[in-house]
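Colleague: Required output: the full structure, derived from the provided sequences and hints.
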Amino acid sequence: MISCANPTNPYMNDSSEKSIWHLFVEGDVKAFSTLFKTYYSQLHNYGLKISGNPSLTEDCLQSFFVYLYDNRKNLGTITHIKSYLFVSFRRALLKHLKKERKFTSYDEVFENPNVFEFSPEELMVEQEFTKIRVHALTELLNNLSARERESIYLKYYSNLATTEISEVMNISYQSVLNTLQKAFTKLRTHIESEEIKQVFKIV
Amino acid sequence: MNESNQSLLEILLSDSSFKNWANQSNQNDMKFWNSWIADNPDKAETVYTAKAIITGIAFNKTVLSEGKINMELDAVLSQISSKEKKKIIPIKRTLSTGILKYASVAAIGILFIVLGNNYLNSSSEIIHKTGFGEIIDLKLPDGTSVVLNGNSEIKYNKDNSRNIELKGEAYFKVKSIPSTNAKFWVNTNDLKVEVFGTQFHVNTREKKTDVLLDEGSIHLVLQNGTTKKMVPGELVSFSKENNAVIHQKVTTEIPYSLWREGTYVFNNITLKEVMNNIEHAYGVKVEFIDEDLKQQLLTGGIPNQNLKICLSAIEKSTGTRIVQKDNRLILFKNSIN
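In order, the protein sequence lines correspond to chains X and E. Heads up: the first sequence is residues 31 to 233, going by the numbering used here. Heads up: the second sequence is residues 5 to 341, going by the numbering used here.
Think of the hints as simulated: they come from the structure by calculation, not from any bench. Just so you know, even glycine gets a beta-carbon here, dropped at the ideal spot from N, CA and C. Careful, some of the hints might be misleading.
Rough simulated footprint, nothing fancy, chain E against chain X, three-plus residues with beta-carbon under 8 Å [claimed, not checked]:
| no. | region |
| --- | --- |
| 1 | 57-67 |
| 2 | 104-118 |
| 3 | 213-226 |
Modeller: In C-alpha cells:
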C-alpha cells in the first residue's frame with residue numbers, strides 16, 4: 031500500500047503547500063488555482079461517492095471553491111489542508127443534499143446503499159491483501175456499512191492519515207481504528223470462506 | 005474486541021517493525037514477528053487484522069482530465085471576478101477578451117482590500133452596465149454567461165441571479181440546473197422571458213423587445229398578459245406601446261437583425277435600421293447625405309468589437325463612405341462606385 035503513492039500532487043510537499051495556502055489567503059489567484067488543480071479531481075471523486083450525481087457534485091464544488099475564495103480571510107488556522115478541504119466540502123455537499131432531497135438528518139444520506147459503492151474497475155487486480163477475484167472483493171466491500179466504506183475510501187483511495195480521517199468523518203481517532211478493524215475483520219472472515227469456495231470450484 | 009486488544013491494534017499499526025513484517029520487507033522483522041505470533045496465539049486475530057489494515061485495498065484512481073479541471077477552474081474564477089465587476093465599470097473595450105479576463109482577475113485582490121467588509125454590506129442589487137461601444141462577458145453566480153452589448157444594463161438581486169432585468173441588448177447562455185429545474189427569467193419593459201437552459205438573444209431597443217432563440221425552449225410572458233412558447237430559430241418581437249406582436253421563424257426571406265458575441269447578423273435589413281443599431285451601441289448620431297441610401301438592404305455579419313472595424317465592414321458591403329466627426333457619423337455614396 032505504501033508503494034501506491036498519491037499520484038495527484040507530485041510537486042507539492044507539505045511546506046510548499048503551506049506557503050501556497052498562505053498566498054491564497056492573501057488573495058493570490060494563482061495560488062488559488064494551484065490548490066484548485068491539486069484537489070479538484072480528488073474532491074470530485076469523493077463528492078461523487080457520496081451523492082452519485084455528477085452535475086450536482088460539480089455545481090456544489092463550484093460554489094464550494096467560490097465560497098472558499100470569498101471567505102479565505104475567515105478560515106482560521108488550518109493544519110491539514112487536504113483534510114480541511116475534504117471536511118468542508120463534505121459538509122457543504124451534505125447540506126446541499128439535505129436541502130435538495132429533504133433529508134431530515136445527515137445520517138439519512140448515508141442510509142442510501144449507493145453511498146461509497148465501489149465498482150470492480152476501481153480495484154486493482156493485484157491485491158496484496160487477498161488473492162480473491164476483484165468482483166468478489168467488490169461485493170464484499172459493498173456489503174460493509176457506509177461508515178466502514180467511507181473510512182476505507184478515505185484511507186486507501188484518498189490516502190488520508192488516520193487523524194485526518196477522524197477530522198473528515200467527525201469521529202474520534204479511536205473510532206476510526208475501530209471502524210477499520212471491524213471492516214477488515216468482516217472482510218477477512220468472508221474472504222476465507224470465499225477462498226474455500228474458489229478452491230472447491232477448482233477441484 | 006476488548007480494551008487491551010484495541011490498544012494492541014494501535015501499537016501494531018504505529019510500529020515500523022510490524023509494518024515491515026506486514027509488507028514482508030525486512031528479514032529480521034519477519035523472523036521476530038513470526039516467532040512473536042507463535043508465542044502469542046491469542047493475539048493472532050488482532051495481528052492479522054492489523055496486517056490487513058496496513059496492506060489495505062489497492063485502488064485504481066480516477067483522475068479527471070486537465071481540460072475538464074481547467075474548464076471548471078475558469079467557471080469558478082469568472083464567478084469570483086464577476087462578483088467584483090459590479091464595482092469596476094466600465095471596462096475599456098479595446099482590451100482583447102484574454103487581457104480583459106486577466107485584468108478582472110488581477111483586480112480582485114485590490115478590490116478586496118479596498119472594500120473589506122463593506123462588500124458584504126453593500127446593496128443587494130447588482131448592476132452590470134456597459135458604456136457606449138463597450139462589450140462585456142459576464143458569468144453570473146449560477147453559471148449563466150451573458151454577453152452585454154454596448155450601452156446596455158442588467159440588474160439582479162445578489163441572492164438571485166436567475167431573475168434579471170435587461171435594458172439594451174444581450175446574448176444569454178443560461179446554465180440549466182436539472183437537479184432543481186430552476187428557471188431563469190429575463191425581464192424587459194415589454195415582456196418576460198422564462199427559460200430552463202438555452203441560448204438566446206434579447207434586444208430592447210427601439211421601444212420594443214426582440215427575442216431570438218438559438219437553442220432550447222423558452223416561454224415569453226408579454227406585458228399584455230399573453231404567453232408565447234418559442235422553439236429554436238424563432239424570433240418574437242413585441243412592443244407594449246402599440247401591442248404589436250411578430251412571431252416568426254427566421255428564414256433568409258424575412259428581415260431580421262441579431263447580435264451575438266461580438267457580431268451583428270443582418271438579413272434584408274435596411275441601412276437605416278443597421279445604423280440605428282450602431283447609434284444605440286456606440287452612442288453616435290448618424291446622418292445620411294444621400295437619402296436613398298437609407299433603404300439599401302444589407303445582409304451578412306458585421307463584427308462590432310470596435311467601431312472602426314464595424315464601420316469599414318459596412319462601407320465595404322454597401323459601397324458607402326462613412327466619415328466620423330466627433331460624435332457624428334456621416335454617410336454618403338462612395339463616388340468611385
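Colleague: If you check each hint against the structure, which ones fail?
Modeller: Violated hint (a single one): 2; every other hint is consistent with the structure.
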